[in-house]
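Heads up: the sequence lines are chains A, B, C and D, in that order.
Just add 15 to the spot in the first sequence (first one is 1) and you have the numbering used here.
Just add 15 to the spot in the second sequence (first one is 1) and you have the numbering used here.
Just add 15 to the spot in the third sequence (first one is 1) and you have the numbering used here.
Just add 15 to the spot in the fourth sequence (first one is 1) and you have the numbering used here.
Possibly wrong hints are sitting among the right ones.
No copy labels: a pair is met if it fits in one copy or bridges any two.
Unchecked claim - Each computed DSBU-like pair below joins lysine-lysine, with the alpha-carbon atoms no more than 30 Å apart:
| id | residue 1 | residue 2 |
| --- | --- | --- |
| 1 | K134 | K23 |
| 2 | K95 | K18 |
| 3 | K244 | K158 |
| 4 | K244 | K57 |
| 5 | K158 | K134 |
| 6 | K25 | K244 |
| 7 | K134 | K244 |
| 8 | K23 | K263 |
| 9 | K18 | K90 |
| 10 | K90 | K244 |
| 11 | K134 | K263 |
| 12 | K90 | K134 |
| 13 | K23 | K95 |
| 14 | K23 | K244 |
Read the hints as simulated data drawn from the structure, not as lab findings.
Now for the letters of each chain:
There are 4 protein chains.
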Amino acid sequence: MSKTQVVKVKDIEIGGGQFVAIAGPCSIESQSQLDLISECVKNSQAKILRGGIYKMRTSPDAFQGLEHEAFNIVKEIKEKHNMPFVSEVTDPRQIEELYELVDMFQVGSRNMYNYSLLKELANFDKPVLLKRGFSALYDEWIKAASYVTSQGNAQVVLCERGIRTFESATRNTLDLNSVAYIKENTDLPIIVDPSHGTGVRNLVTPMALASAAAGADGIMVEVHNNPEKAQSDGFQALTPEMFDHLMKRINTLTQALRS
Amino acid sequence: MSKTQVVKVKDIEIGGGQFVAIAGPCSIESQSQLDLISECVKNSQAKILRGGIYKMRTSPDAFQGLEHEAFNIVKEIKEKHNMPFVSEVTDPRQIEELYELVDMFQVGSRNMYNYSLLKELANFDKPVLLKRGFSALYDEWIKAASYVTSQGNAQVVLCERGIRTFESATRNTLDLNSVAYIKENTDLPIIVDPSHGTGVRNLVTPMALASAAAGADGIMVEVHNNPEKAQSDGFQALTPEMFDHLMKRINTLTQALRS
Amino acid sequence: MSKTQVVKVKDIEIGGGQFVAIAGPCSIESQSQLDLISECVKNSQAKILRGGIYKMRTSPDAFQGLEHEAFNIVKEIKEKHNMPFVSEVTDPRQIEELYELVDMFQVGSRNMYNYSLLKELANFDKPVLLKRGFSALYDEWIKAASYVTSQGNAQVVLCERGIRTFESATRNTLDLNSVAYIKENTDLPIIVDPSHGTGVRNLVTPMALASAAAGADGIMVEVHNNPEKAQSDGFQALTPEMFDHLMKRINTLTQALRS
Amino acid sequence: MSKTQVVKVKDIEIGGGQFVAIAGPCSIESQSQLDLISECVKNSQAKILRGGIYKMRTSPDAFQGLEHEAFNIVKEIKEKHNMPFVSEVTDPRQIEELYELVDMFQVGSRNMYNYSLLKELANFDKPVLLKRGFSALYDEWIKAASYVTSQGNAQVVLCERGIRTFESATRNTLDLNSVAYIKENTDLPIIVDPSHGTGVRNLVTPMALASAAAGADGIMVEVHNNPEKAQSDGFQALTPEMFDHLMKRINTLTQALRS
Chain A
16 MSKTQVVKVK
26 DIEIGGGQFV
36 AIAGPCSIES
46 QSQLDLISEC
56 VKNSQAKILR
66 GGIYKMRTSP
76 DAFQGLEHEA
86 FNIVKEIKEK
96 HNMPFVSEVT
106 DPRQIEELYE
116 LVDMFQVGSR
126 NMYNYSLLKE
136 LANFDKPVLL
146 KRGFSALYDE
156 WIKAASYVTS
166 QGNAQVVLCE
176 RGIRTFESAT
186 RNTLDLNSVA
196 YIKENTDLPI
206 IVDPSHGTGV
216 RNLVTPMALA
226 SAAAGADGIM
236 VEVHNNPEKA
246 QSDGFQALTP
256 EMFDHLMKRI
266 NTLTQALRS
Chain B
16 MSKTQVVKVK
26 DIEIGGGQFV
36 AIAGPCSIES
46 QSQLDLISEC
56 VKNSQAKILR
66 GGIYKMRTSP
76 DAFQGLEHEA
86 FNIVKEIKEK
96 HNMPFVSEVT
106 DPRQIEELYE
116 LVDMFQVGSR
126 NMYNYSLLKE
136 LANFDKPVLL
146 KRGFSALYDE
156 WIKAASYVTS
166 QGNAQVVLCE
176 RGIRTFESAT
186 RNTLDLNSVA
196 YIKENTDLPI
206 IVDPSHGTGV
216 RNLVTPMALA
226 SAAAGADGIM
236 VEVHNNPEKA
246 QSDGFQALTP
256 EMFDHLMKRI
266 NTLTQALRS
Chain C
16 MSKTQVVKVK
26 DIEIGGGQFV
36 AIAGPCSIES
46 QSQLDLISEC
56 VKNSQAKILR
66 GGIYKMRTSP
76 DAFQGLEHEA
86 FNIVKEIKEK
96 HNMPFVSEVT
106 DPRQIEELYE
116 LVDMFQVGSR
126 NMYNYSLLKE
136 LANFDKPVLL
146 KRGFSALYDE
156 WIKAASYVTS
166 QGNAQVVLCE
176 RGIRTFESAT
186 RNTLDLNSVA
196 YIKENTDLPI
206 IVDPSHGTGV
216 RNLVTPMALA
226 SAAAGADGIM
236 VEVHNNPEKA
246 QSDGFQALTP
256 EMFDHLMKRI
266 NTLTQALRS
Chain D
16 MSKTQVVKVK
26 DIEIGGGQFV
36 AIAGPCSIES
46 QSQLDLISEC
56 VKNSQAKILR
66 GGIYKMRTSP
76 DAFQGLEHEA
86 FNIVKEIKEK
96 HNMPFVSEVT
106 DPRQIEELYE
116 LVDMFQVGSR
126 NMYNYSLLKE
136 LANFDKPVLL
146 KRGFSALYDE
156 WIKAASYVTS
166 QGNAQVVLCE
176 RGIRTFESAT
186 RNTLDLNSVA
196 YIKENTDLPI
206 IVDPSHGTGV
216 RNLVTPMALA
226 SAAAGADGIM
236 VEVHNNPEKA
246 QSDGFQALTP
256 EMFDHLMKRI
266 NTLTQALRS
């Protein structure tokens, strides 16, 4: 097993031995929504805030994110709660405008093969959270990371988020083999997204625990104060109460395994 | 979440709250081999012994198991070490002869859809370990179990053993979502086989831990005293030392999560 | 490309250059049903009759076929219309009783890995139609065929029937690459089942044509006089009129390609 | 079945009843290479020339295409042979510079979900050849097309190029069900790429024939004068002689089916 390289998101270390939770809504919907969720997840010991500004949606008619409208909301809320912030970049031309706003650029599953975007991110000094393409081989994922790291920006964190299989009772098949494989064969930190990896609210907590036990360096979880009314992916969002319970269980587990 | 039904394999309970390890060689190769491995895995707190008598092999030219030659070996060793024994049945005509020998019938992944075999097993009073077909939907797996349970034999334990996907760096993709899904939607106990679920020795331990964290009722692990010389699947077998380490870690984890 | 071995089903040759259509209902439901469909498909130039006696069904509560009740029906109808008959065998213990009834034993997709069944079929002198497991590698399929052929019964015809993928708009993904691959790498004849390969009535005809163009030696098609009332798989059955149209198109195509 | 909309690539119609072949090298490597191949494929009745300028490669160390160096080559050769030209665009920032050079923009499989790129292409008046993502659902593919068509550019041709499955003997699994499905459910023209769809030279011709029989409006085929020395994907390229043979067979088949 290789020694994991530490990636810093502001003052939060990923890969350094502390299990890191990234949490927040799928999409940023309003200032009050982001404020409320941020407060909750911070109280439950999430270390990094997530929230979608530009959304990748299957249909052009679906909600595409607040886009520029979200910028001021993010600025205020991340300052108020003093949390680093990660959000998805979907186009190389967005990088500059997002640069001041985000502390880590997220590259989504559908953009893992977007080598133009990856090459561009290599020119910046911000960490990149690289989600696995939902049908990407480990080898393709590792090589996609090297599109960023081989050009100078060594700050890449991988994120397993489930793969597409024949099974349809879950949204994706969360592949935790990948966590053990990446740990065994690379020095990249890796976190897990059990929200997309299951697509079913009640399966998120057991899969988050399994991720920690498999050796992941953290998780990214969707939390919403009112999942039924969420503008995207509400069916897989945890309530703040569920997230708090999850964090307590994770803490118990990671402390036991560390000893 | 449903309450899990308890299945008894002799005096060992699966689904009753204790995490149960089933261990042993892929194939029974000789008396001394089975004796040595049984002693090791018992010392490491495995509760049930496994060992292949009839093997399902892709090619008719591959080693097909010791078949009848293994019968006396099994009788002696399971008595000597006082361990319940599970082995695969591959043909309805084998059930009667295996009945006295095994304490649980295993139905392998390639036979999950063998409804003739399942209907026949419904007529006996021995528990059945039903592995998931490597491309079976959860729903098909649950319905396959009902081929046994709907006829009177209610003693079925499911076993997740990985599914077939595009990824080829691992032998199968271990789908731990299935554990959480089965726990949420059925009352069947479920264990995990991380040996076939990864096909890579060094990935077995993290995936066994992940299985426990996901809520599985146990694991089934291949252990071999000399994996390089094993007649089948040596690449995924743990050494007795690795298995002992695994069991200590599992114990730490399950105790922490139970508290 | 290897020369294809010819398999004879009574006086019908598969693999000998003539494109052979096997047609009939998914399940035999009654004498009048089989009689009517047989007459139609024979008039449209189908050469072999198909019809399920023992059905493999996901749920134990689904219709399992007429079983013994179908025996006399089959005897009368195949004699009346003078057509060879193929039907699925799902258990090695059925072989003897089916031996006099069928002219070719069909091994279904879910039994491709049922090596006990294949080994038993090797002892008989009837041709075997071996469907591809819905997640079977070409190599596994070819090796499964060798469980029959290596023991003396060289009369095996492969049948591509679609594989399980992430796509759910069709019941299976018909993999016609397999036809070209089998032709290139083996001497086994191969036919295609576009009914299961699509699971959608309106896609059967174009895929049957595509199968012929890819080089298949024949097709197996489900035809039902009243698809809406069929006891199984009615949604993918052609009406006799659709089948007649299909056969005319196939004939045009195969004649053109032969010239 | 819907009536297919006709897309014009200069004076060549796709979807209008004539089966259209697009051919050329995977990557443009030199002027003499493109010149030679263009002459061959035109003589064999290919109607549109293809050739990669910007390549999507798994590894940043692999050949990425000639990029700007190819521009003058393309200008000369397409004029000399009077053939419309299609090439892949991998970044929205390339559209303007490619606009004068290409007669159809190709969006590759790995960019099917690159909605930024698709939205940008909607602003131009050039046809778009949209390859199916190698794990894309039909529905996602159709909706991806609508990112272009819903904004005004109605000139979209779909291209089936194989999907990723468990089978590894072929590079991809060519899914010809998609051709019949798209014809049945949309009015978009669809062509097939049997080169990527098989990844095996000897399987390209039978799969091209199968595509035509399934109802496709055309094919896109990789042809190289010296496949063993090709800078990318030589193993799946046809020689000019093989391509010529393929075109004669296709012609026979499509004429027969039209009558």
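Here is how each hint holds up against the structure:
1. With identical chains, the CA atoms of K134 and K23 are at most 30 Å apart within one copy only, with a shortest distance of 20 Å there and 34 Å across copies.
2. Proximity of K95 and K18 under a CA criterion of 30 Å is satisfied in neither setting, with 35 Å inside one chain copy and 44 Å between copies.
3. Taking the shortest Cα distances, K244 and K158 sit within 30 Å of each other only across copies (24 Å), while inside one copy they are farther apart (39 Å).
4. Within a single copy, K244 and K57 get their C-alpha atoms as close as 22 Å, which meets the 30 Å cut-off; across copies the closest is 53 Å, which misses it.
5. Taking the shortest alpha-carbon separations for K158 and K134, both the intra-copy value of 12 Å and the inter-copy value of 27 Å come in at or below 30 Å.
6. Taking identical chains as interchangeable, the C-alpha atoms of K25 and K244 are never at most 30 Å apart, the minima being 32 Å within one chain and 49 Å between chains.
7. In this assembly of identical chains, K134 and K244 lie within 30 Å of each other by CA distance solely across copies; the values are 28 Å between and 37 Å within a copy.
8. Taking the shortest alpha-carbon separations for K23 and K263, only the intra-copy value of 24 Å comes in at or below 30 Å, while the best inter-copy value is 33 Å.
9. For the homomeric pair K18 and K90, neither the shortest alpha-carbon distance inside one copy (35 Å) nor that between copies (47 Å) is at most 30 Å.
10. Taking the shortest alpha-carbon separations for K90 and K244, only the intra-copy value of 24 Å comes in at or below 30 Å, while the best inter-copy value is 54 Å.
11. Taking the shortest alpha-carbon separations for K134 and K263, neither the intra-copy value of 39 Å nor the inter-copy value of 44 Å comes in at or below 30 Å.
12. In this assembly of identical chains, K90 and K134 lie within 30 Å of each other by CA distance both inside one copy and across copies; the values are 27 Å within and 28 Å between.
13. For the homomeric pair K23 and K95, the shortest alpha-carbon distance inside one copy (21 Å) is at most 30 Å, but the shortest distance between copies (56 Å) is not.
14. Proximity of K23 and K244 under a CA criterion of 30 Å is satisfied in neither setting, with 34 Å inside one chain copy and 45 Å between copies.
Hint check: violations occur at hints 2, 6, 9, 11 and 14; the rest are consistent with the structure.
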